[in-house]
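Please arrange chain B on chain A, whose structure you already have, making use of the hints.
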Amino acid sequence: MENFFSRYRNASILVLVLFAQVLGLAVQVKRTSESGGTRLIRFWVVSAITPLEKALVYTNQGLRNVWRNYLYLRGVRHENRDLKAQIERLHLEQVRLSEDAAQARRLQALLGFKEQFISQTVAAQVIGASGSDQSHVIYIDKGASDGIKPDMAVITPDGIVGKVLRVFHASSQVLLINDPSSGVGAILESSRLQGILQGTAAGETMLRYIMSDEKVALGERVLTSGGDRIFPKGLSVGAVQQINPGSDGFLNIRVKPAGNLSRLEEVLVVTRVVESAPQTPGPSTPLRAADILAERLPSVPEKPPVVPAQGAAVTQTTTTKQSAGTAATNPSNSTAASGTAGTPPFRPAAVRPQTTRATATAKPAVVKPAANKPAEARDAVKPKEIDSAEQPAKPADAPPQAPGEEVQR
Amino acid sequence: MTGMPIVRTNRKEIEVYRFGPIVSLLIPLLALVIQAFVPVRFRTFAIFDLPLLVTIFFAVARRSQVAGMLTGAVMGLIQDALTHQAIGLYGIAKTVVGYGASSLGVKIDVENPGTRLLVAGGFYLAHQAAYFLVARNILGVTMEWLWARTMLSALFNGVAAIVLFAVLDRFKHST
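Which chain is which? The protein sequence lines are A and B, in order.
Take any residue in the first sequence, count from 1 to its spot, add 4: that is its number in this note's numbering.
Take any residue in the second sequence, count from 1 to its spot, add 701: that is its number in this note's numbering.
Mixed in with the good hints there might be a few duds.
Partial list, computed: chain B residues near chain A (C-beta under 7 Å) [what the hints assert, rightly or not]:
(1) A747
(2) A782
(3) L783
(4) Q786
(5) I793
Below are the SDA-like pairs computed for lysine to any residue, each with C-alpha atoms no more than 25 Å apart in a straight line [what the hints assert, rightly or not]:
(6) K58/A to P729/B
(7) K808/B to F743/B
(8) K58/A to L726/B
(9) K260/A to L726/B
Take a look, some chain B residues computed to stay more than 12 Å from chain A by CB distance [what the hints assert, rightly or not]:
(10) E716
(11) F738
(12) E812
Since the hints were derived computationally from the structure, they do not count as laboratory data.
We treat Cβ as the ideally placed atom computed from N, Cα and C, and that holds for glycine.
Looking at chain A on its own, in the form it has when it is part of the complex (with noise of 0.2 Å):
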């Protein structure tokens, strides 16, 4: 035996050192989910490389502000013009845009939505990757001692990057979007499909689970569906580069990130993401949805005093929007979010009112004003307006009616 083992020494370390690994591999996929942490070895690592690329990371930026602020100066003075010049068109966009934003909020409120805001992040420097094509994670210069914590979500101007894997004293592990491992709930912005975002080992984004038979355009921008629970809900994701069919009955959606994540230099590390229902202007006390509806939509009318005696039928007239169509459908078009509270009720030219006439005598309608539920908000949103114009004004100091109230006509 003896004999044995030293003819084949080296053999029998390589089969030694070989073995180590093997059990080594095969408890880590027994625990696998590292609940108990960062192995010491990566920490050992980490920590070893990672001060060594941040002083490159530093130098190098050192250098470069260097010759970008102090000697290359070329071209500033028309670049400072163009500038300008941006700021103007879009301090106009802005305006614009603040009026649209101020209509979703309303809306969104109608509807009884909650939104996601970003509400703190930290700016990170990207140091390292793993330098490997089989992983894609990059280092980030920001750590524990910073506030991040794994599963947090970065970012950039452009789009989303990935979230933070590992976390170690001043610095993170932040997986890409474009590796095989990595999961992002996504939705297509006009179609409104919802798939999850992986990468491949090549190293492309695919969006996937859309069903074959469902029509999705060259170039649709793709959004963050806030599904995963890392992502807030409407960040940009990507446009689609291609679109194949999939043998399985779904579609190969290729994804161009909009993040261009070869050449990350710095990143958002979004740390504190707050929930809450949008603020609009209004009185400070909280309304319902039924009682928002109850002050835009024409409500309907008091019953009026019918004199049995003179026999004579009373009749009203209500519209009732029978076929929503796409202007009553699409609550940004909706009536009731486009304006403020108060202000008289518009109509789209689009809707065209069915006109019916009742008698006192016929059946009773029945009017269900929204609850606080969003999918009854946004019944409530749709078709079912009742035309004004033809009504005597409510009165002001009239009554709110419950939900589910029933009024006789």
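Just chain B now, with coordinates in the frame of chain A:
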């Protein structure tokens, strides 16, 4: 290919080289830092595997199987620690390469550029195959073997080896 003689030599004819402790420590460390730093700015640089090339160089120059496999194991494990995957994938692959390269260094002359291109390219393929097999069969990672990409990477690494080995030759001392 006619200009790439692979000369089979006797063990006595082959020189064994030594490296100073600083060089033995700094060059692998530098390779790891460059490998981790440069792909941030130039993503395509990730097709090169500098730690693998350094492993091959040291293994071939020292011509010691134990030293070769240990160099490979350490370099691989450090590389594993920088990824998000299980530790040991690169470790196993580079251990095998370190052992193989030192075994080959004993048998053939790997001093000329043609041989270095073939050796580095060949060991890159062996490395990728070992990684692929371990990842698929032990960890159950879903991976696909991309032939064109792997062959192209092998070629690029072979070319890079010619340049890198020529630079590293300056640091070796004959025993």
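Hint check results:
1. A747: holds (5 Å)
2. A782: holds (4 Å)
3. L783: holds (5 Å)
4. Q786: holds (6 Å)
5. I793: holds (5 Å)
6. K58/A to P729/B: holds (19 Å)
7. K808/B to F743/B: violated (38 Å)
8. K58/A to L726/B: holds (20 Å)
9. K260/A to L726/B: Since the Cα atoms of K260/A and L726/B sit roughly 41 Å apart, the hinted pair is violated (cutoff 25 Å).
10. E716: It holds; E716/B is separated from chain A by about 20 Å at its closest Cβ, greater than 12 Å.
11. F738: Label violated. Min Cβ-Cβ 5 Å, cutoff 12 Å.
12. E812: Correct as stated: the minimum Cβ-Cβ distance to chain A is 23 Å, above 12 Å.
Going through the hint list in order, the structure does not satisfy hints 7, 9, 11.
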